[in-house]
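Enquirer: Read off the chains here:
There are 2 protein chains.
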Amino acid sequence: MTKPCRDVAVIGAGIIGLGVAWEAVRRGHRVTLIDPSPASGATRAAAGMLAPVSELQYREERFLELTRESALLYPAFIDELANTGVETGYRSEGTLVLGLDPADRLVLADLRAAQVSHGLTVDELTIREARRREPLIGPAATGAFLVPGDHQVDPRQLASALFSALAGNARLLEGTASGLIVEGGRVTGVALDDGSSVSADETVVANGLGAPALASLPVALPVRPVYGDILRLRVPAHLRPFLTTTVRGLVRGNPVYLVPRTDGTVVIGATQREDGRRAVSAGGVYQLLRDAQQLVPAVVELDLVESMCRARPGTPDNAPLLGRVSGVEGLVVATGFFRHGVLLTPVAARICADLLDGKPAAPEHNAYRPDRFGKGSS
Amino acid sequence: MTKPCRDVAVIGAGIIGLGVAWEAVRRGHRVTLIDPSPASGATRAAAGMLAPVSELQYREERFLELTRESALLYPAFIDELANTGVETGYRSEGTLVLGLDPADRLVLADLRAAQVSHGLTVDELTIREARRREPLIGPAATGAFLVPGDHQVDPRQLASALFSALAGNARLLEGTASGLIVEGGRVTGVALDDGSSVSADETVVANGLGAPALASLPVALPVRPVYGDILRLRVPAHLRPFLTTTVRGLVRGNPVYLVPRTDGTVVIGATQREDGRRAVSAGGVYQLLRDAQQLVPAVVELDLVESMCRARPGTPDNAPLLGRVSGVEGLVVATGFFRHGVLLTPVAARICADLLDGKPAAPEHNAYRPDRFGKGSS
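Chains as they are written, first to last, in my numbering: chain A, 2 to 379; chain B, 2 to 379.
Don't read these hints as lab results, they were simulated from the structure. Any given hint might turn out to be false.
Computed from the model, here is a short list of chain B residues facing chain A with C-beta under 10 Å [what the hints assert, rightly or not]:
| # | residue |
| --- | --- |
| 1 | Leu215 |
| 2 | Arg279 |
| 3 | Val281 |
Ideal Cβ positions, reconstructed from N, Cα and C, are used throughout, including at glycine.
Using the sequences and the accompanying hints, generate a full structural model.
Expert: In structure tokens form, the structure reads like this:
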């Protein structure tokens with residue numbers, strides 16, 4: 002059986018749009034990827050933790066299946082990009098989770114019980130064992146856990162690798178989609194703000210927080226901006242390697258993480274703000290530096306090379322809007338990935354590509370249907 | 002008596018070089034100003050406090066005369082730039098000095114006694130009076146003093162205004178000076194790194210920390226980099242005006258200042274580091290945000306728009322290297338202004354221009370002679 006080759010328009014070249022476009026190309030479709038400023042939104046800020054286990058603390062247990070599935074897809078996803086020659090920063094050293102005070106330790110111990118009950122591997126370490134792995138852990142930490150299954154990727158590098166993989170194999174259109182073209186209940190392409198249009202058998206809406214503004218969208222997409230401040234720091238030569246694993250922590254109830262890159266930088270993140278402020282928050286930067294140094298005091302010895310703010314696309318239940326809209330042909334939605342866009346890219350790409358291939362939606366993905374909050378009109 | 006019109010080369014277009022060039026032009030000289038990247042060093046970072054009184058705390062009492070003289074010259078200096086049409090951000094609302102804990106208050110009270118003994122005006126306020134002036138002062142402050150004579154300017158705007166004033170009246174050469182041209186004990190111009198040269202009757206060395214690297218310099222100039230981290234923040238609309246006067250404080254022994262600009266931004270600075278690290282220090286940013294919010298808690302509500310590091314040119318006694326070198330004709334040195342380059346620009350410009358006009362050095366300026374540490378060879 003040969004699959005049909007279709008014209009696919011993908012709106013949005015963040016990590017999700019790039020991943021979907023690439024998988025669509027690999028399945029033989031003709032892809033046009035539309036974005037005025039590729040990989041410049043949440044993708045540019047993201048730390049790139051691939052952490053289905055430790056992300057459980059955010060009480061999104063019901064889509065653990067999806068995050069685990071995507072984490073399992075990651076090694077092959079990265080392997081398939083290897084021949085682009087572009088690094089992706091994929092690292093599988095695991096994640097160290099630290100609690101600062103006894104209350105933080107207790108919360109993490111309770112969380113571990115929940116994680117273990119889901120069949121996940123979380124090993125409790127003594128502080129001495131933790132410090133043997135990461136000598137720069139400070140004296141204030143009281144609890145330590147190792148999550149071998151939580152890895153990381155560098156989202157900026159991954160986006161570059163996907164771009165390289167797409168170059169020559171897809172049409173990259175640096176324009177702004179203004180809306181969908183809808184004819185008789187079927188989406189037939191994309192209208193651009195310069196008056197031009199792209200015809201398509203299938204259109205994938207993957208432009209994150211920009212999605213609700215698309216004209217003629219046949220469904221209300223309830224995404225909201227959840228702003229986050231995130232820092233990039235450079236480790237001076239005498240302190241390298243600084244950290245060898247990702248360190249996440251709970252510091253007097255505040256979550257913070259430190260993600261070491263192979264290039265000698267460290268990402269420290271991230272606040273969550275729904276205050277509508279698009280600029281870097283002074284209070285956010287302060288909080289990140291304060292809490293990170295509680296776990297790893299040598300943070301103050303690093304160079305601060307970037308302070309950034311971006312918005313994640315949150316949804317009412319913090320699960321993605323992923324799949325087809327009931328009664329609408331030619332449309333696939335892939336937005337609302339909130340904190341998990343990088344982790345969920347391989348599985349989202351697979352789900353979308355299956356739909357583009359004409360397969361029916363899998364019942365286990367019904368919980369992510371983009372019209373689950375009602376179709377409304379945006 | 003007509004003054005001689007001379008060819009003057011000024012190396013360095015930071016605030017000092019710009020000020021000297023402008024004064025030289027006003028006195029009728031033909032000026033060539035040489036800098037590959039004008040106003041991009043310490044000038045770009047400087048907060049622009051014109052604070053001869055509160056700067057006394059840094060134990061540089063012996064050049065209070067010079068800083069006061071320059072502060073008194075500032076209004077006319079600014080007035081003369083008014084017809085460029087470029088704003089300078091000059092504000093004369095005075096400076097509020099706050100102490101956090103009782104020990105800080107005591108240090109400031111002792112300092113006030115020293116300031117008053119020098120004939121300076123420093124008024125002790127109650128915290129209530131201070132808060133009446135600045136309602137956002139936090140509950141932790143225990144001591145408050147008002148210094149009506151300490152003002153501010155925006156160094157970036159001031160540099161732009163000086164540039165405008167010079168345009169068409171001086172030659173602006175965006176090249177890099179590699180050394181001096183010396184013939185028989187007389188400096189006769191500047192060699193550039195592209196092999197070209199600029200002939201001059203008088204050469205002014207005003208390139209800050211770059212000065213010691215000039216070839217054929219007939220004096221060792223002992224300037225060292227004193228790095229500083231400094232932040233620029235934007236006040237959201239609902240918090241404006243935030244502050245109306247410059248606030249300086251001592252927070253558990255650490256000095257910090259908040260300088261409000263008329264454009265709705267606030268400058269918070271500045272650390273002093275001699276660690277050789279040219280990048281923004283994470284620990285420095287943390288310390289500034291921590292201490293500033295002790296004085297004005299709403300700091301955490303501001304947007305952080307810029308974190309910057311620059312080096313100030315320090316000297317062994319922290320006084321400038323300003324004047325002629327004994328036995329060397331055709332050379333004037335103006336560097337080593339450390340924390341006081343912006344404040345001292347008008348007086349440095351006047352002193353240099355007097356020397357360019359052929360006047361003898363004033364005896365009261367002997368303490369700043371660039372060869373006071375010995376002539377050495379650099």
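Enquirer: Each hint should be assessed against the structure and marked as holding or not.
Expert: For each hint, the structure was consulted:
{"no.": "1", "hint": "Leu215", "verdict": "violated, 29 Å"}
{"no.": "2", "hint": "Arg279", "verdict": "holds, 9 Å"}
{"no.": "3", "hint": "Val281", "verdict": "holds, 4 Å"}
Violation of the numbered hints given earlier is confined to hint 1; every other hint is satisfied by the structure.
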